[in-house]
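Under the working numbering, the residues of the sequence shown are numbered 1 to 289, in order.
Honestly, the hints are just simulated from the structure, not real lab data.
Listed next, with one range per pair, are the computed distances between beta-carbon atoms: (1) P221 / R156: 38 to 46 Å; (2) R250 / A58: 44 to 52 Å; (3) A67 / D155: 39 to 47 Å; (4) S196 / T37: 43 to 51 Å; (5) P20 / R156: 44 to 52 Å; (6) A67 / G174: 21 to 29 Å.
Ideal Cβ placement from N, Cα and C applies to all residues, glycine included.
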Amino acid sequence: MATRPAKPDQPNEDFTGAVPNAVVLLDGAGLSGTTSTCLHGVAWYTRRLGGALLGQLAADDGQDLPAILGQAIMEVADAHRETCDIGDPSSPSATVTIFRTDDDRADYLALADSVLVLDHAGDVPEVITDGRVDAVGSRYRAAMDAAPNGTVEHDRALREYIEALRAHRNQPGGFWVAADEPGVAAEALTGSRPVSELRGAVLLSDGASRIVDQFALAGWPEVLALIAAEGPGGVIRRVRAAEAGDPQGRRWPRAKAYDDATLAWCTRFPARQAPAGSGFTPVAYRIER
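Starting from the given sequences, assemble the full structure and let the hints guide the process.
In structure tokens form, the structure reads like this:
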């Protein structure tokens with residue numbers, strides 16, 4: 001795993017964590033300087049929700065992933081509904097991506113715009129992401145993209161963009177994120193693949209996936225090769241170099257000049273590696289900050 005905040009003096013609103021057979025990645029949503037009805041903030045929300053998800057996944061009780069997500073959302077909602085107006089669209093929310101292995105099957109869940117890349121041995125990578133946020137956002141981002149990052153005009157356009165998006169949050173015809181309502185878990189993209197077909201899987205927040213989907217500096221096969229060679233931190237280093245070379249967003253118009261960036265790389269799946277007759281499940285991971 002590797003994670004880095006957008007700026008050293010700001011809290012990291014991404015979260016990733018793992019239990020032996022599953023990994024989760026969350027990217028918090030909110031904006032400093034806009035009105036919020038939550039006392040706790042986005043980083044608190046992603047950490048609490050991520051921890052609740054890991055607790056549910058560690059139980060390994062056979063529940064499907066939407067059920068696990070719904071329970072975790074309710075747990076966190078109960079933790080601050082007495083102090084915060086958690087139903088207001090300005091309250092914290094998060095993308096959720098989950099990848100879990102279960103014997104010879106790998107399950108996934110994707111809610112909102114983080115990215116899951118499945119590395120199919122001998123085939124092109126399979127990219128899974130929930131594009132509904134971008135589909136809605138494309139209607140409102142023209143003024144933001146036209147103004148250079150760091151200017152008064154961009155800051156104002158960004159606030160207006162966020163306010164416009166909030167009207168479509170967790171609404172039919174809009175987009176779905178984890179917030180206060182457990183029913184949104186049913187709106188997540190889910191699926192399963194045979195573990196035997198997979199060489200690995202990578203979960204990325206959009207601050208990391210921008211190396212491909214915003215900056216077009218590499219394709220997914222090149223990103224997978226980079227991770228294998230340098231670890232997840234290698235991707236973040238290249239993203240930061242690109243951001244530093246275009247601080248005003250003139251080459252790559254974007255909401256944030258720098259964004260929290262997080263990756264989790266899964267490999268050596270138990271069904272492919274566990275010694276016969278052994279109760280030991282090998283787990284390979286690297287943590288970089």
